[in-house]
Every structure is written in structure tokens, then in C-alpha cells.
Amino acid sequence: MFSYTTPLIGGLLIGASATAMLLFLGRITGISGIVWSAVSGQADNSWRWLFIVGLVLGPLLYHTLSATPYPAASPLQWWHAVIGGLLVGFGVKMGAGCTSGHGVCGIGRLSPRSLIATMTFMATGIVTVYITRHLLGGL
Amino acid sequence: MKNIVALLCGLVFGIGLAVSGMTDTAKVLGFLDLFGNWVPDLAFVMGGAV
Chain A
1 MFSYTTPLIG
11 GLLIGASATA
21 MLLFLGRITG
31 ISGIVWSAVS
41 GQADNSWRWL
51 FIVGLVLGPL
61 LYHTLSATPY
71 PAASPLQWWH
81 AVIGGLLVGF
91 GVKMGAGCTS
101 GHGVCGIGRL
111 SPRSLIATMT
121 FMATGIVTVY
131 ITRHLLGGL
Chain B
1 MKNIVALLCG
11 LVFGIGLAVS
21 GMTDTAKVLG
31 FLDLFGNWVP
41 DLAFVMGGAV
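These protein sequence lines map, in sequence, to chains A and B.
Quick note on our numbering: the first sequence kicks off at 1 and runs consecutively.
Quick note on our numbering: the second sequence kicks off at 1 and runs consecutively.
There could be a bad hint or two in this list.
[To be verified] Straight-line C-alpha distance at most 25 angstroms; calculated SDA-like pairs for lysine to any residue: (1) Lys27(B) - Leu61(A); (2) Lys2(B) - Ala20(A); (3) Lys27(B) - Trp78(A); (4) Lys93(A) - Val82(A); (5) Lys27(B) - Ala123(A); (6) Lys27(B) - Pro75(A); (7) Lys27(B) - Thr132(A); (8) Lys2(B) - Val82(A); (9) Lys93(A) - Thr6(A); (10) Lys2(B) - Gly33(A); (11) Lys27(B) - Thr6(A).
Everything labelled a hint here was simulated from the structure, so no lab data went into it.
Chain A extracted, bound-state conformation (with noise of 0.2 angstroms):
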């Protein structure tokens, strides 16, 4: 069985987070494109380096203070991930954002754009997945 509290929680949280961006910096939450500014060197980098510090200090404070330990690693080999990162990142810079962008602050803004975007990159992951899963018997 499945809790849904803690998607939940978590969920609110983000959407929480991607508010007060909009709210007090005027800036939607889309974490590829605020990693891209970052490493593609653009003037006022300062919050962007400061968001991206949070975000990969946030899952450490909260593993380390509720003692959950971290989720497994992934079977996978590390060439996967460089191959499938390449491919995310091709299609994040063509379709403009991401699960971030798009998923939440764009759906929840009601942008059509968004909307279209979720749905074809979940509908692509779901048959990516299932051709993966289901006819070659992979993970």
C-alpha cells in the first residue's frame, strides 16, 4: 500500500517554493533553465547559484534530520545517465522547460503551452517506458 501523505506534503512544498519565486523574485521555478543561466555564465547569477545550493542541501537536511535513509541508487550504469541527461537536456532546451517549468508552474498558471508540453513528455515516458519494460523485458 501506497501513503499519500508524504507525495502530498512534498508537492506542496514545491508548489510552495515555486510561489514565493514567482512572488518575490518574479521568477517562474523552472530548474533546468535556472541551472542552464547558472553554468551558461549570465549577469545576476548570485540567486540562481543560491537556489541550486538550497536545492541539493534541502534532501541532505531532511535525510539527515529524519534519519530516512536515501532512495537506492539506480541499477543502472552511469553511461546510461550521461546518455539519457544529454537527451533530457536536447529536449528541455527545444520544448523550452521541464517537470519544473512546465509540470508545476506552468499548468499552474494555466498556460496551454505548459499543458501540452506535460502531456506529450509524460505520454513519451510512459510508452518509452513500457516499450523499455514490458517488450524488452528491461528495467
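Given chain A's structure and the hints, the job is docking chain B onto it.
For chain B alone, coordinates are given in the frame of chain A:
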């Protein structure tokens, strides 16, 4: 001020991901696996966030 808000927002966002289990690749894959042992957690995370 802007920097402090960004740091705090990052912290809260990250804690949200960890609490909801979205740092677990198995759960995210499980959500996309409609035809196997479906894990609906991601829908609740998205619902909560939106």
C-alpha cells in the same frame, strides 16, 4: 534579500522533492509504468504542487 529568498526557496523545493520521494528514480519510473506495478505518487506530488 533576493539571494536569501532564492536559497530558502531552493531548500524548500529540495525538501519537497525528498519528502515526496521524487529523488527516487524507481518511483518516477514506476509512475510512468502504467502497464506494470503503477506508482501514483507523482500525480499527488504534481497535484499538491499545482
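Hinted pair Lys27(B) and Trp78(A), Cα distance within 25 angstroms
The hint holds at about 19 angstroms.
Given the hint that Lys93(A) pairs with Thr6(A), does the C-alpha gap stay at or below 25 angstroms?
violated (31 angstroms)
Just to be careful, I want the Cα atoms of Lys2(B) and Val82(A) compared with a cutoff of 25 angstroms; is the pair within it?
Not satisfied, since the Cα-Cα distance of roughly 33 angstroms exceeds 25 angstroms.
Distance restraint between Lys27(B) and Leu61(A), which requires alpha-carbon spacing of 25 angstroms or less:
holds (21 angstroms)
Keeping to a limit of 25 angstroms between CA atoms, is the pair of Lys27(B) and Thr132(A) held or broken?
holds (16 angstroms)
Is Lys27(B) close enough to Pro75(A), meaning Cα to Cα at most 25 angstroms?
Since the Cα atoms of Lys27(B) and Pro75(A) sit roughly 13 angstroms apart, the hinted pair holds (cutoff 25 angstroms).
Under the criterion that the straight-line Cα-Cα distance not exceed 25 angstroms, is the pair Lys93(A), Val82(A) satisfied?
Answer holds: Lys93(A) to Val82(A) is near 16 angstroms, not above 25 angstroms.
Restraint status (C-alpha distance of Lys2(B) to Gly33(A) at most 25 angstroms):
Within the cut-off at roughly 18 angstroms; holds.
Taking 25 angstroms as the top limit, are the C-alpha atoms of Lys27(B) and Ala123(A) close enough?
holds (16 angstroms)
Would the hint linking Lys2(B) and Ala20(A) be met if the CA-CA limit is 25 angstroms?
The hint holds at about 11 angstroms.
Satisfaction of hint between Thr6(A) and Lys27(B), Cα-Cα up to 25 angstroms
Distance of about 13 angstroms is within 25 angstroms: holds.
Consistency note: the structure conflicts with the earlier hints numbered 8 and 9.
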